[in-house]
Each structure stands twice: as structure tokens, then as C-alpha cells.
Amino acid sequence: MRNTRVFKDAVGRTLAELARLGVTMRPGAVEDIIESNVRSVAGQLGIQERSAWRYFDSAVLAQSIAEQRREHEASSENAGVGVAPLPPVGNPELALILAGVPDQLAQSGGDLFTVIVNVAVNSWMAGHIHGEDGCEGCEGSRGPAGHDWDDRMKHITTVSPDITKWFDRDHWTAGLQDSGFSVERR
1 MRNTRVFKDA
11 VGRTLAELAR
21 LGVTMRPGAV
31 EDIIESNVRS
41 VAGQLGIQER
51 SAWRYFDSAV
61 LAQSIAEQRR
71 EHEASSENAG
81 VGVAPLPPVG
91 NPELALILAG
101 VPDQLAQSGG
111 DLFTVIVNVA
121 VNSWMAGHIH
131 GEDGCEGCEG
141 SRGPAGHDWD
151 DRMKHITTVS
161 PDITKWFDRD
171 HWTAGLQDSG
181 FSVERR
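Heads up, the sequence shown is in our numbering, so the first residue is 1 and it goes up one at a time.
Read the hints as simulated data drawn from the structure, not as lab findings.
Even for Gly, the Cβ is constructed at its ideal location relative to N, Cα and C.
Heads up, a few of these hints could be off.
Estimated spans, in silico, between C-beta atoms of each pair [what the hints assert, rightly or not]:
(1) S51 to R169: 47 to 53 Å
(2) A29 to R169: 25 to 31 Å
(3) A29 to K154: 38 to 44 Å
(4) R39 to A59: 16 to 22 Å
Please model the complete structure; the sequences and the hints are all you need to start from.
Pasting the structure below:
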């Protein structure tokens with residue numbers, strides 16, 4: 001199904017509609033949804049998959065996806081769940097994390113998954129530590145000493161004295177290329 005022109009057109013139209021609605025999704029996720037929907041319609045109606053395309057409407061699907069996302073984000077049960085606090089740009093710890101990417105890529109032999117997981121976990125922690133004072137779930141869990149965010153940032157700043165260079169895309173890309181690896185879009 002995925003190699004057909006009608007499928008590729010449906011994915012393109014759906015992604016365009018989602019973009020118009022201000023929703024960003026990975027093309028592979030949209031492909032999975034479309035394939036599932038077309039197969040489901042074919043199964044429910046007892047028709048072939050190629051006949052089920054006449055019931056497909058990319059605008060309706062995009063609207064449905066956008067509404068589901070808004071409902072999920074607005075539900076009090078899910079509010080804030082799975083959303084990591086992000087450290088602000090210019091955060092010394094975030095700069096240190098970014099600075100380590102080229103070295104991690106070289107050390108892992110180009111294993112981009114490992115590097116991304118490392119960056120994600122460390123960025124989440126940096127953001128959480130930065131935002132802990134406003135985190136209701138952290139009250140009482142800090143222990144008697146608490147956390148001294150300013151002291152932590154001063155210490156990290158001494159470890160990585162040139163913080164701003166890692167927020168420069170060109171410098172980061174050059175560091176990545178120095179590692180012997182690059183990230184290319186296919």
C-alpha cells in the first residue's frame with residue numbers, strides 16, 4: 001500500500017493540512033495512521049483496500065488529528081505529563097550537553113540513537129533543575145539541603161568557559177564534522 005501513488009499523495013495532502021492547522025507530525029506517524037484507517041475502512045466495509053480510498057479525506061483526517069492533540073493537551077489529567085521543562089537558551093548546562101555531542105558521536109561509533117537519548121535525558125534534567133522552584137511535584141523531595149541552582153550553574157560555567165559558542169549552529173556543525181560523522185537527510 002505504501003508504495004502506491006495514491007498513498008504518497010494522501011500523506012502529502014494530510015501533512016500539508018496538518019501544517020495549515022499548526023500541527024507538526026513526523027511523516028512516518030502520518031503514514032501509519034493513514035494505512036491503519038484505510039485498512040480499517042476496507043475491513044469494516046468488506047471491500048478491497050484500493051476501493052477504500054474513495055472514503056479517505058485528508059482534510060478531515062488532519063482536523064481529527066489536530067482535535068485529538070488539542071484535547072490531549074487540554075485535559076487536566078494529562079496536563080504537563082511527558083513534557084519536560086526546557087532549560088533556557090544560554091543555560092550553561094545545556095551548552096555543556098551540546099558541546100558533548102560530537103565527542104559522544106565519535107565514542108559511540110556514530111550511534112545517533114545513543115547520542116540523542118543522552119542529550120534528551122540530560123536536557124530534561126537540566127530543565128528540571130532550572131525549573132524546580134516552580135515544580136509543585138518537587139516540594140519536599142529536595143532534602144534538607146535543597147538545591148542551589150546558582151551554585152550549580154557557576155560550577156558548570158567553570159567546566160565549560162566558552163558557553164555561547166555551542167549555541168552557534170556553525171560552530172556546532174564544525175564540531176560534529178570534526179568527529180568524523182555527519183547527519184544527513186534522505
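Going down the list of hints, with the structure as the test:
The beta-carbon spacing between S51 and R169, approximately 48 Å, falls within the hinted interval of 47 to 53 Å. Range check, A29 to R169: about 26 Å between beta-carbon atoms, so the 25 to 31 Å window is met. Between A29 and K154 the C-beta distance comes to about 42 Å, which sits within the given range of 38 to 44 Å. Under the hint 16 to 22 Å, the C-beta atoms of R39 and A59, about 20 Å apart, fit the expected range.
Consistency note: the structure conflicts with none of the earlier hints.
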